[in-house]
Amino acid sequence: MTDRFLLEITDLHASVEGKEILRGVSLQVRTGEVHAVMGPNGSGKSTLAQVLAGHPAYKVTGGSVRYDGKDLLELDPEERAREGVFLAFQYPVAIRGITNSYFLRSAVNAIRKHKGQPELDPLDFLQVLEDKLKAIGWDDSFMNRAVNEGFSGGEKKRNEILQLAVLEPRLAILDETDSGLDIDALKTVAEAVNQLRSPDRSFVVVTHYQRLLNYIVPDYVHVLAEGRIVKSGGKELALTLEEKGYDWVKPEGAAVS
Amino acid sequence: MTAHFVGQYEAFAGNGAAGAPPWLRELRERGIARFSEVGFPSTRSEQWRFTNVQPIAEIAFQRQTVRWETGPAPTGATVLPLSQAVQRQPDLVRAHLARYALVEENPFTALATAFLADGAVVHVRAGAVIEEPIHLTCRIPPGTARPMAHPRLLIVVERGAQVKVVEAYEAAPAGLSLTNAVTEIVLEDGAQLELCREQREGERSYHIATTQSHQGRDSRLVFTTVALGGALVRHDINAVLDGTGAYLILNGLSVLRGHQHVDHHTTIVHAKPHGESHEYFNGVFDGESRGVFNGRIIVRPGAQRTDSKQTNNNLLLSDVARADSQPQLEIYADDVKCTHGSTVGPLDETALFYLKSRGIGAMEARGLLTYGFGADILDRVAIPGARARLDRQIRHRLGVPDIEASAA
Numbered sequence: 001m002t003d004r005f006l007l008e009i010t011d012l013h014a015s016v017e018g019k020e021i022l023r024g025v026s027l028q029v030r031t032g033e034v035h036a037v038m039g040p041n042g043s044g045k046s047t048l049a050q051v052l053a054g055h056p057a058y059k060v061t062g063g064s065v066r067y068d069g070k071d072l073l074e075l076d077p078e079e080r081a082r083e084g085v086f087l088a089f090q091y092p093v094a095i096r097g098i099t100n101s102y103f104l105r106s107a108v109n110a111i112r113k114h115k116g117q118p119e120l121d122p123l124d125f126l127q128v129l130e131d132k133l134k135a136i137g138w139d140d141s142f143m144n145r146a147v148n149e150g151f152s153g154g155e156k157k158r159n160e161i162l163q164l165a166v167l168e169p170r171l172a173i174l175d176e177t178d179s180g181l182d183i184d185a186l187k188t189v190a191e192a193v194n195q196l197r198s199p200d201r202s203f204v205v206v207t208h209y210q211r212l213l214n215y216i217v218p219d220y221v222h223v224l225a226e227g228r229i230v231k232s233g234g235k236e237l238a239l240t241l242e243e244k245g246y247d248w249v250k251p252e253g254a255a256v257s
Numbered sequence: 001m002t003a004h005f006v007g008q009y010e011a012f013a014g015n016g017a018a019g020a021p022p023w024l025r026e027l028r029e030r031g032i033a034r035f036s037e038v039g040f041p042s043t044r045s046e047q048w049r050f051t052n053v054q055p056i057a058e059i060a061f062q063r064q065t066v067r068w069e070t071g072p073a074p075t076g077a078t079v080l081p082l083s084q085a086v087q088r089q090p091d092l093v094r095a096h097l098a099r100y101a102l103v104e105e106n107p108f109t110a111l112a113t114a115f116l117a118d119g120a121v122v123h124v125r126a127g128a129v130i131e132e133p134i135h136l137t138c139r140i141p142p143g144t145a146r147p148m149a150h151p152r153l154l155i156v157v158e159r160g161a162q163v164k165v166v167e168a169y170e171a172a173p174a175g176l177s178l179t180n181a182v183t184e185i186v187l188e189d190g191a192q193l194e195l196c197r198e199q200r201e202g203e204r205s206y207h208i209a210t211t212q213s214h215q216g217r218d219s220r221l222v223f224t225t226v227a228l229g230g231a232l233v234r235h236d237i238n239a240v241l242d243g244t245g246a247y248l249i250l251n252g253l254s255v256l257r258g259h260q261h262v263d264h265h266t267t268i269v270h271a272k273p274h275g276e277s278h279e280y281f282n283g284v285f286d287g288e289s290r291g292v293f294n295g296r297i298i299v300r301p302g303a304q305r306t307d308s309k310q311t312n313n314n315l316l317l318s319d320v321a322r323a324d325s326q327p328q329l330e331i332y333a334d335d336v337k338c339t340h341g342s343t344v345g346p347l348d349e350t351a352l353f354y355l356k357s358r359g360i361g362a363m364e365a366r367g368l369l370t371y372g373f374g375a376d377i378l379d380r381v382a383i384p385g386a387r388a389r390l391d392r393q394i395r396h397r398l399g400v401p402d403i404e405a406s407a408a
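Quick mapping for you: the protein sequence lines, in order, are chains A and B. When we follow the working numbering, the leftmost residue of the first sequence carries the number 1, and every step to the right adds one. When we follow the working numbering, the leftmost residue of the second sequence carries the number 1, and every step to the right adds one.
Hints listed in this document are in silico derivations from the structure and should not be mistaken for laboratory results. Remember, predicted model here, so these are calculated numbers, not experimental data. Cβ coordinates follow ideal geometry from the N, Cα and C atoms, glycine included. Hints are supplied without guarantee of correctness; some may be wrong.
[What the hints assert, rightly or not] A partial selection of chain B residues facing chain A, derived with a Cβ cut-off under 10 Å: (1) 349; (2) 351; (3) 357; (4) 379.
[Unchecked claim] Dumping the calculated DSSO-like pairs for lysine-lysine here, alpha-carbon to alpha-carbon at most 30 Å: (5) 59/A x 70/A; (6) 309/B x 134/A; (7) 309/B x 337/B; (8) 187/A x 235/A; (9) 156/A x 309/B; (10) 156/A x 113/A.
[What the hints assert, rightly or not] Each pair of labels, with its calculated beta carbon distance range: (11) 66/A x 380/B: 47 to 53 Å; (12) 349/B x 247/A: 33 to 39 Å; (13) 120/A x 332/B: 52 to 58 Å; (14) 329/B x 118/A: 50 to 56 Å; (15) 247/A x 350/B: 32 to 38 Å; (16) 19/A x 324/B: 33 to 39 Å; (17) 56/A x 392/B: 32 to 38 Å.
Can you make the complete structure from the sequences, with help from the hints?
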């Protein structure tokens, strides 16, 4: 781990449809660290994840986000992805008519092109894919199906993690990757994520429940409430939250807008 | 307006139609009588509300002879020009020709029946299983100004036989033309047909068609129709599931631009119990093009345990493109499952963001989503050559490169 921050969020304000959701979030993540962002419903967890990925519906109204020394907010979503930012969606989108394998290859090649690397042909890509699947212990059963079309909840989340594995981001943001998963599916996904942890890769794990953090053990835990980080600590903070509930860390006094 | 077409018929009946057996001449007479009586449909008629055929009525089209081009027939099947089939298989032809696509149902069918001469008859003998698809191509030859063709196709698949057929209507000369096609399909008990219809005529072509199928017990029909060309296309697809356990998949894809207009009217009749039909129609509309989809499903009394599903999705790529989608369910049995759904709208912003968030550029993301709309239908075509050819054409039309490599 280095002293240099890979991600530095400072006093970030963001709104959706005119409603302010983030009200001054600050967070620093070094390369290789895993940060969990927890919080009750409506606290702004998913908004934070979407803003970092560049979702057009969210407007940044103040503050800054620096990523690898660059102004992240200046970049289009596809540029962020090519620079190594990855968001595992809470609700992955179905794309009819496009196979998972074609979709993934298009994404890999867009990123390779950006890095000045030669594009992969279908056979080369298949090899890369097989290696990645092997590394996380999965089969290729849904590669020739249309992207997320008719996938079960568990399959969709697994597909997000597979994309993470193949695209090799430097910053992976997991937005409620545990939601809708039974315990077996949760373990499968968490084990794959743990395989993908590396000193070169940082994670921001957004979750409502402590449960996920039993399997993906974070270096730091932050509690988001009413659009601000109200408490930060080590992995034990998650257990305290589980025990005492989110009321324990409600922001002091009335919220100011 | 009607008079011009009746005049064309009289000239045809006076010479070109000579040599036909009396029953065929009688069919033609019935066709022209019906057409003279009703004339061209107007937009006041519910069935023609969204499609104005007055431009066709006002053009002095000249009857043009056309031939179905085809290769040698595979073992187990015969593929004959109608004129020969009338001589060699008179009982077969007489038993089926114009027995399903009725002149009373549609003025254009009446007109096509009046000019009934140019056609092909595909006959597959009982139990034959034919892997190699039979290709039939109709092309209006150059030379005549304002040509009007009436290509006819009769496909009879006997009991337990299996066959794949491609029915293609190719680019007519650049000028005005009218194709008024009728295809009749008969599947006897247990017969299976996969039929792919490709329509890619010129930008000033009018294309009117009826595809009428009649299915026996436990038969299986997979019909995919793809409309890429034409100024105005109206295609009526009428499928009758007239045997217990009959199975139908009906797929349609329109990819339009400019001022093109395509109207698909489909009617699926479940006449016997345990039938199953799945209908998937997608449209991609750019420029000022317009799509109409009318999907009617009729479940007759006694057709219990019918399972019918209809889906119509329309993608509008410009602010002025338009699509109308009308489902019509008429259910007269109580133990059935019928569902329908339709969408009309631009590209999904969330899906665009999803693709971009993986590094895919905005242009490529739009292209992929649009292509996916078409591929969703093409993926259901199980005739490999047809699938690949249509894929290339759709990609070319949409400017999406390199998709076929995705098959790996």
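CA of residue 187/A to CA of residue 235/A, is that 30 Å or under? OK: residue 187/A and residue 235/A at ~18 Å, within 30 Å.
Within a Cα-Cα threshold of 30 Å, do residue 309/B and residue 134/A meet the stated pairing? violated, 39 Å
If you check the beta carbons of residue 19/A and residue 324/B, does the distance land in 33 to 39 Å? holds, 36 Å
Regarding the pair residue 309/B and residue 337/B, is the alpha-carbon distance no greater than 30 Å? Measuring from Cα to Cα gives roughly 8 Å; hence the hint holds.
Can the hint on residue 351/B be confirmed by a CB-to-CB distance to chain A that is less than 10 Å? The hint holds - residue 351/B has a Cβ within 10 Å of chain A, the shortest such distance being about 5 Å.
Look at the Cβ atoms of residue 349/B and residue 247/A and judge whether their distance stays inside 33 to 39 Å. holds, 37 Å
Can the suggested window of 50 to 56 Å be confirmed for the beta-carbon pair residue 329/B and residue 118/A? holds, 54 Å
Does the Cβ pair residue 120/A, residue 332/B satisfy 52 to 58 Å? Given about 56 Å between the Cβ atoms, the range holds.
Take the C-alpha atoms of residue 59/A and residue 70/A, compute the straight-line distance between them, and say whether it is at most 30 Å. holds, 19 Å
Take the shortest C-beta to C-beta distance between residue 357/B and chain A; is it under 10 Å? Interface hint status for residue 357/B: holds (5 Å vs cutoff 10 Å).
If I claimed the Cβ atoms of residue 247/A and residue 350/B lie 32 to 38 Å apart, would that claim hold in this structure? At roughly 33 Å between Cβ atoms, residue 350/B and residue 247/A fall inside 32 to 38 Å, so the hint holds.
Grab the minimum C-beta distance from residue 349/B to chain A and call the hint holds if it beats 10 Å, violated otherwise. holds, 7 Å
Hint compliance for this structure: hint 6 alone is broken.
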